[in-house]
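Quick note, the sequences are listed as chains A and B, same order. Position 433 of the first sequence, counting from 1, maps to 433 under this note's numbering, and the rest follow consecutively. Position in the second sequence counted from 1, then plus 1000, gives you this note's numbering.
Everything labelled a hint here was simulated from the structure, so no lab data went into it. For glycine and all other residues, C-beta sits at the position ideal for the given N, C-alpha and C. Errors might be hidden in some of the hints.
[Stated by the list, open to error] Partial pick of chain B residues on the chain A-facing surface, computed with a CB cut under 8 Å: (1) 1016; (2) 1033; (3) 1049.
One letter stands for each residue in the lines below.
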Amino acid sequence: MPTDLDELFQGLGRQADAIPIAPPEAARLRGRQRRRNRAVIAAAVAVCLVAAGVSGLLNRPGRQPDSTVAPSGPGLSAVGSPISLGNPVTVDYSVTAGGRVFTLWQAADGTVNLLAADLRTGAQAWKTQRPAKPDAFMHLYAMSQGIALLAEGRISVYDPADGRLRWEMPYSEADGLTVQTRAVVRWSAQTRRIEAFGWQDGKRLWSLETAGDKLVTVRSGTEIRQEDLAGKRVVQVSATGKGQVVDLDSGTAGETFSIPAAAANGTITAFEEWLISEETWPDRSGYRLHATDLRTGDTRVIAERESGHTLGQADLCGPNRLCVLDKQDATTTVTAIDLATREQVWEVPGPDGAEGIEAHDGYLLTGGGGAGTLYDRNGQVVYRAPDSAVSWLTAESLLRVAGSGEVERIRVANGHTERVGTVPLQIGVCAAVPDRLACPTSEGLRIWSLSG
Amino acid sequence: MDFDGFYRDTSRRLMRYAYGLTGDPGEAQDLVQEAYARAWQRWRRVSGYEDPEAWLRLVVNRLSTDRWRRLFVRRDRAAAEPPLPPVAPPSENTVLLVRAMRTLPAAHRNALALHYLLDRSVADIAAETGASIGTVKSWLSRGRVGLATALEPALLPEGTSDAH
């Protein structure tokens, strides 16, 4: 049946007109919330951006031909059949860990769905559901030791092997949470204690009274996937300007040191031996960045920007080197700073509208504003993408899964781009490990081999 | 101009535009809210613009394919906002059109959304995007060809007939 574009767009317009619109109060509330939560979000971004699993635990197909892999394009072969997701409007998370992909979405009636599939065979491993309010806040931490789902004021830990609910405990928006190989670690705003709970049975492994108001996970700066972020240490930071490093294996705290009082909406992050804190002022814009040496407690100012500037994001981009994305309206600048000497190593204009940065082994990927740009260790542009659908695949390669479905692999060293294939209409962000790509699509959850 | 009045007057049109760019009702809701939240944060300045609605469309356009933005927004949205009613799934034709739209370059997709969903003339689109009229015509023409290619043979077996 021939159909003209006018008819098709009229149908699209009718569909759009049926979409509910929130009242203006919701937009104002979001605007206020954006300011308040900025620090929390910046810390969470590092975890969310690496929405994939741990390559070392992946059950790789090995050198033998894999009978579950069917060729479907140059370099991109379907693994197994599409797994039905029940036609959701959108999928919230897809995270890989331990050779599986875990996909989380909420149905229109609020039902939370968590599905696991085997990355090697492409087969569904299990699926679990539970009721929730529509549009409930959800977050997913996936490790080979357990799957932690945050939804509606509780943490639910599932067995990654069979989806069995192991244990649950309360969680509030004001709490802090991090995961590591042995335990789920929660800082309770109510009790002001940091507590570690074993993945298997939720048994309390240790508990520590704190004077802090915030839990900052110490990152190594070499993480690519969520499971790589399993923290060994956290820094508890107080609003009054005190910091203390806590070892997550033993539950022991180090010496207390002084830091600049954290700004109410400022960013605080920690990498290796450095705590990076942002100072802002109530009467003017601009910011000042401090670096505290976690070994000595020594704090120094490493950057200061005048009124009109805002901090986009900071990430470790080499040993003792911090890369900072600065924003002034849509204009951005990327600066590399030596933390030991406080000297600027290089500074280059960033892409207009860039929102964030992800560094790995000295290379720096900026994203947001409709573009993705890769810089080398000297701040030279290695690669530019026409969109920001680019993420780290391995230390040596990036993966671009464009909205059109086009998939490309980019060599970090020289920006060489290899077309891998195409995937159908995506309804959520894809997750990838070095040899597998998993995407929630309009056809269901699809898994492809990236090894050709 | 008051923010609430502006919101009420323009949000339905912005939703059309956002949905045209993304084809995802949840994402369109999120984009619209995000654009207005940003407008509210700088309302004194935005309300003084000659065409604040065009500014909103620019924000939506820039954010529409941005996975990085989602990460910043998702937690805010969840923490701050009451749930919206569920959305009916799109028709088969809409799914096909959305899929075809996603194969197009961003400029072509944007021009088509402005033209077909918001009834903007070529001159309007040129003024809004800063492109020449000839460039906009080229975007629309190439966009239609791209859609026809992507939609065939599913919906347009005998070629595209464009009555616009």
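Here's how the hints hold up against the structure:
1. The criterion of a C-beta within 8 Å of any C-beta in chain A is met by residue 1016 of chain B, whose closest approach is roughly 4 Å, and the hint holds.
2. Annotation: residue 1033 of chain B was flagged as interfacial toward chain A, and the flag holds, the nearest CB pair being 6 Å apart, inside 8 Å.
3. Because the smallest distance between the Cβ of residue 1049 of chain B and any Cβ of chain A comes to about 14 Å, over 8 Å, the interface hint for this residue is violated.
The structure fails to meet hint 3 from the earlier list, while all remaining hints are met.
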